[in-house]
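Those sequence lines, one after another, are chains A and B.
Just so you know, my numbering puts 194 at position 194 of the first sequence, and the rest follows in order with no gaps.
Just so you know, my numbering puts 89 at position 89 of the second sequence, and the rest follows in order with no gaps.
FYI, nobody ran anything at the bench for these hints, they're computed from the structure.
Residues from chain A shown here face chain B by an in silico Cβ test under 7 Å; the list is partial:
(1) 35
(2) 57
(3) 97
(4) 100
(5) 141
(6) 142
(7) 143
(8) 179
(9) 207
(10) 208
(11) 211
Note that beta-carbon positions come from the ideal geometry of N, C-alpha and C, so glycine has one too.
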Amino acid sequence: MIGIGLKTQHVAPLLAQPRVLDFVEVHAENYMVCGGPVLAQLERVRERFPLSIHGVGLSIGGEGALDRAHLERLAALLSRFQPHWFSEHLAWSRHGPACFNDLLPLPYDMQTLRRVCEHVDQVQARLGRRMLIENPATYLQCEASTLDEGAFLGEVVRRTGCGLLLDVSNAYVSAVNHGRDARCDIEALPLQAVGEIHLAGFHEDRDAAGEPLLVDAHGSPVDDAVWALYGAVVRRVGPAPTLIERDHDVPSLQSLCAEARRAERLMREAAARAREAAA
Amino acid sequence: MSAQATFAAALLHPEAPCPPGWRAHNGSDPGARFDVYRNNVVASLVEALADAFPVARELVGDPFFRAMARGFVMQHPPASPVLAEYGHGFAAFVDGFEPAASVPFLGDVARLERARVCAFHARDARPLPQEEIAAQLSNPAALVDARPGLHPSVQVVRSRYAIVSVWAAHQGDAALEHVDPWSPEAALVLRADDDVVVRRVPCATAAFVHRLVEGASLGQSMDAARSAAGDADDAFDLVASLAILVQHRAFIAWSASP
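With the hints as constraints, model all of the structure from the sequences given.
Written as structure tokens, this is what we have:
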């Protein structure tokens, strides 16, 4: 299955053409409004496409309690639109009264693990469904971390029963930013729990030492290095619903669909290889 | 302070160093890496404001607007992760933003743009059929005590400046140089058929609609309109005011009893 992160400018052409995608994904917070054309549009989209709702504001890793009002709004949104998948991030994004509109990094230690698991339990209990948690793109390492990201997420999955949204681009970005091997990082993740895969473009910057610092910018096509990793992932875990994310310099629907079809080809090749190997 | 409190405070202070406890794998200055987070936070919120206030942005130019928006973001980060809700306090911030003092109507233009966003996302409601409104209006004796319900998107924005003309000029409706910004104007803002309408109305009509939105009766709203008209040139025209609301299908309910 292939899909794209849906931008409003693509809704009309998407609904006008024969179905070329298997699903679409939207950000939960963009639809937490009282009424109006935005919600009406999403109704029309979900009549044609299975929907994935991707949250960016729950602050699962926040030190404080989850924002109950936000969780209630999320529950109402999911109950209205009945998405096939709901996902959120291994990150925090609010502190006290302030929301930061970004996915901020966590220490990977036992205290954080317990808190994240409590929050995932709380969300899954309220929503009455399994959620997927996405591995983040990070730029700094926490000195207090005692686990690597793969082991941390593996424990979250084991303790809460949630699934993994494997963002291959984030894994690549983080691996480059922390001087690690992306394939090893991915191998350490709970791959048996992959429920969806994200692919997106990054922006290349430099850190204070002049070494590459990749920024998860969602403003360019998926990089070839990420496609190579993705090919390895689908050979390893089999086909999984795969989504192209693009939030800036958004190109035509056609060009996003072309990227999504590349993912479909790689999944098909992986399946063919698996059949050959079995024969 | 907790670790996240320190991190959060540093995000909103451009000069703050990378919070303690965070490092780069290669031992380089983590500040450059922390800046990625700070830039993501500030740039994405400035972008949200730039999208939500396009006319205010055109009035002062993109670089000036972004500098002003950055100031707002640092002082007033969003209280909700829903970005459609971000920007409520922006007009008041603009009013007090000293470098923008030479464009005194900037704050009210921002108020008008904020009202448009609120109208766009307001709750859905079915308009009252025209025949039903006609039936209610055909009984003049009951009108004073009647309480019409307006569509949740209906708002008025009143200003000492010609904000509707300035706004319209930026939609290509007229040339900005022909607009005299110093004459008071009022806007009726509402959503009809998925489109947000911005319509210039007399100040008295604005006062009338404002009271109706508050839930007042027609009689109470007419009183407010007449006292608003007292200090303006145009007398209150009830029929014309009702006609505007009917034309934009703004009535959703009509309670005849007091």
